[in-house]
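*Asks:* The chain contents come next:
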Amino acid sequence: MAARLDHAAAAQPCPGPAHDDLRAAIAAACARVAPLWPLPEFVAVNPFVGYADQSYGATCAELLRIAGLRALPSRQDYLAALGEGRITDRDLDEARARLPASWPLPADPAEVRARLVAAPRASAGAAVATVAEVLDQLASGDRQASHTAFMIDEISRFCATYFDRREAPSTALPDATASPYAAWREAMRHDRSAEYLGIHGFRRIVAALPATAVETIAVVVEALGIPPPAREDYLHRALLDINGWASYARHFAWRDGRCGTGGDPSLLEGLLAIRVAFGYALFESRDDAALREAWATARDRAILAAPHAGAQTLALDLWLQEAYEWGYQRPLLERLTAAKAAAASAERPPAQAYFCIDVRSEVYRRSLEAAWPAAQTGGFAGFFGFAIDYLAQGARAPQARCPVLIAPQLAVSDRLSGTSPGEQAAIAGRSAARRGLAQAWAGFRDAAVGSFTFVETAGPLYALKLLRASAGGDRPPPDPPIDGLDRADRARLVPALGAPAGQSGLPQADLAARARCAEGALRGMSLTRGFARLVLLCGHAGASVNNPHARGLDCGACGGHSGEINARVAAAVLNEPGVRAELLRRGIEIPSDTWFVAGLHVTTTDEVVLLDLEHLPASHRDDVARLSVALHRASRLARRERAPALGEGGRADPRTALARRARDWSQVRPEWGLAGNAAFIAAPRARTRGIDLGGRAFLHCYDWRQDPEFAVLELIMTAPMVVAAWINLQYYASVVDNRFYGSGNKTLHNVVGRIGVLEGNGGDLRVGLPLQSVHDGERWIHEPLRLCAVIEAPREAIGRVLERHAHVRDLVEHRWLHLYALDGDLPAQRYAGLGRWETLP
Amino acid sequence: MTPYAPWLAALAPALPMLVGLLPQAARGAPARARARLAALAASVAAGVAVLTAVACAVWGQPLATPTLGDAGIGAAIYIDALTAVVLVLVSGVGAVVARYSVNYLDGDPRHGYFTRWLCLTLAAVQWLVLSGNLALSFAAWIATSAGLHQLLIYYPERQAAVLAARKKFVASRLGDGCLLAALILLHRATGTLAIADLLHAPGASLSGAGALIALTALLKSAQLPTHGWLTEVMETPTPVSALLHAGIINAGGFLVLRLWPLIAASPASLVLLLAVGGATAIVGSLALPEQTSVKARLAWSTIAQMGFMMMQLGLGAFAAALAHLVCHALYKAYAFLTAAGAAERGAPDPAGTAPRGAAVALVAGVVAAIALQRLAGQDMATTVLGSVAAIGVVQLLVRLAAPAAGGARWVYGAGLAALVVGAYAAVRVAAEWGFPGAPPPAAGAQRWLAAVLVAAFAALPLATWLRPQGWEVLKIHAATGFYGNVLLNRLVLAWWPAGASAERRS
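Residue numbers (the numbering used here), protein chains in the order written: chain A, 762 to 1602; chain B, 26 to 531.
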């Protein structure tokens, strides 16, 4: 042992150009990791965002080759789809033409079934080996706990402590242990867990490793004998073992609006070094020939057996997937092309209602149009173009309420309306004191020793709390928590532009900035003329209690929060006379009798609440009354449509049942969220009005005739379409492999800090959606289909956007989504890659 | 009233038991209907428990039936204040948990199986509480353990769940052995296992049985060194944790309380309970703040709280222990069932702030508490527990005095501290009223142990505030629970292999 340690020390390569290849391999492996936002701002993430530079098919093949992961529906699922007629021979025939002609596919669709039955699993080959897995294979029946599980548990435990302390200001880490690798190495000088489990000399082996992450990785790959060409795969495989924590580390680079380009690389490198060092310690703790031999065999088998054949190895599966998707797209496109672009009615609509593009709005908009046929509805990203940094009353730090792909631009903070500054100070002081008291009480509850007294004093109160919660008496908590305010004061909170001095780095929003936001919003909604008397801007939020992933039901375009604040700010700015004057100068004339009103669509119960009505001019009271009646009716229609999927059908109005779900502490399926999403349509509503899209489509209003420079098109394709694809791929991945890309069983969820969930006692941090969010116990509620994006605009304009934006081009060229163009009454055009379009029959 | 009338109370365990014995419901709608039936049965059982408690209070003295059986071995019902309080607690928590499981497990492929074992386990605990004969108690004891085992391996494909269940299995069988030996000793000495008779048996001759019962209780309550399984049972759905931490884990404490005259007359048992309970409370208090996941925190909290309760039993403070048992169960059931909302609440700053004045206040508080109580002529148990309460109140006051506090916080803070002291006294008075049992005179060993424990309890907050050298390293060890679990894992794996190394992602 000692001799080997010396050898390892001697083999320590000097830092410098010698590491360049290794550094490149590390960077490439780290770049594969998708970000994961913590629970308080849980937003959808495309888990394949790190693979955007290669095709969907090649990525599926690579994941299978490296980690044995299947990023496609199972062959049983395809067989079932064939059996149900969900995939028809026609779908197969037509989909075939979209795959490379060189692929070895059977000519006869009938043969597909035979091949699926013959090989129920696509061959995985040998995945890239890890030391822990080799040890586990050697140890089977050897009365040893799984080394893989132990390693992941221990790393996960360390990461939880590390990131927890990193986030808490009062327990700031000393500089020496600021990077995760240094902190781990320091902790492993003392932690005897591995040794007590029988991993001899663990602490000594780790202590002998170099002090920096990159050098450690260099030592490990050298000692394990991994040749340079295989290193990237090995490191990639190692990161997949701790994908959850790696993803959390990755999100720091995105959090500041830098889209994953910035941030501190030492975080991810450090985690990677910890992971490979652990495997190395397992390897070095034994010096028997059996392990050396088994390791060399496993390592070389993976290296030799990896011909890097790419997507072709999954040709049959990719064909079926293409056909499965085409089976959804064909009827959709037929219905869309059949809808003649109706001539805009000359009559002024009584009201226009704008909702988020969220697929749940599709149902609601259809319901509202049914309840009030004269009204118009529209769709736009739910932050309504107002990228806000929102400081809630009493909050310590602001929340970004805008898509994670962009940075906040306007500071907004809560004000108490109708109070004097003196009163405001008194209320603020009182609420601060109450919050401090609540903090002290919570600290008392968790204190060593104090907790014994806590239990004996507060215990009886918990009998009441148990009964109240069991009777459904808990309300969904406000986000962010607004504590210490009287209920009456809470109702008086108004989000206002600007922030208390020193609380925000953003400049004060002057008139020009406000008008710029307003103009962006209106042009983005294609609402530059034909304003109704009343325009509703309706954000949305979910409602649930005791749900770690509650924020996942909120508005992704508002950074995983309720859309209420953005809608209220947008409406207030658009009603401002100064802003309207400025807009007039910029070419948008809002009639003086147009009033913007903010609303909130509670998606769990499909209720819509109108907000800030106390500012409503008397002239518009009747309009709002009419709108309220229509919304009431629309809510009932929407509920009747959505409730049966939750098992709450069969009632005239399932309002009570749905409201009960929202307040039920034991409810694991408060609503289905965005399950089912499959299409993104950017077109005038005339194109989709009257078509039942089944709550599966993101609907964005877009009229290219109002967009001479195609600036709005560019915005739509670079932001909402990308966000829709992210959401779509999150659902896709959570269905195809919930164990890896989803967060598993909700009944086992165990919240770590405010970061995320574990499933059960240990294991990696979990990413993605819980099983219960996509599966009802009998079947999957979401069909894993790549997004079908349909844009009504000239092909050339779409092509120009693709040319200019690499990240959008990557998504489209590499088939992470399907892109179709509609142009007037022509047949739909399919983007076939490399700038080519093909006309659909 | 016929002597068999107290059997009416057996309706409480009988209802969930009947639902549990029905043929297992198939998945989907039948399982949902069965879960609703189970919730209804558990709720009615809770109602029966409340009526039983009322009857017990009205009657004013223990309700005991003759033993159905032979030679003092058989089935009987014994209802006194202890039975009434614990039965209402267990049945109430059981009803809440059964209601919770209807929606929580909805859609799970084995929902029917879950409902069955939830009902049977709940019924077993209720039988244990109502039992008036230790033979019936023993049967219920085994049945509780067997039922819990089925719930712990509810997801048998989860290797960690199986390992935890096995660790618990080993501890439980050791406990069963001790209990059986105690029963044999008792029967030999007194010729009966009827609880009503045993309570009046001359205690001194039963010292050996008392010690075995104390050992049984420690093994059942996840005390050192067999605590490891409790920190891992979050491998099974949350409602099981709630039932376990609020209902089943109390069985050990309940057993000691049930037979308290035997324990009180056995100095060895008291010292054992005091030493193991005190050590567990301290280790648990050290490990708890280092846990990062909410359920691990709650599990370590239970270990520490159960340790504290065992310590109270070891001090002979039986009424205080009963109060602790009930209060902890209520708190912990709620804490587990709402654990999923932890991210919304956010964790408080674990350490608090660290002014030197706090240390002085703490030491002064403890010394004052001890001095006051000595002057008032209180017994040792009251003095020790009073000192611990004083430490807790000082901790609360120190947090309230943090520099970030506004002026109004002092007003609120003083009110809150007064409320805490008042509530503490009220709970204690209520417990003494419900469970009159004077603490036995303290032996020398107990006094020494008690002094060490008070010093350790005072040192804990001092260390978190002052962070002495080596504290960071101690915390690394504490985070692992001082390796008790990993050693136990190794031991259990060596004797009972987990089979082929199951991959997590196979």
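These aren't lab readings, by the way, just hints derived from the structure by calculation. Hints are supplied without guarantee of correctness; some may be wrong.
Heads up, simulated DMTMM-like pairs for lysine to aspartate or glutamate below, C-alpha to C-alpha not over 25 Å straight-line [claimed, not checked]: (1) K1226/A - D1240/A; (2) K500/B - D1240/A; (3) K500/B - D914/A.
*Asks:* Of the numbered hints stated previously, which ones are contradicted by the structure, given in increasing order?
*Replies:* The structure breaks only hint 2.
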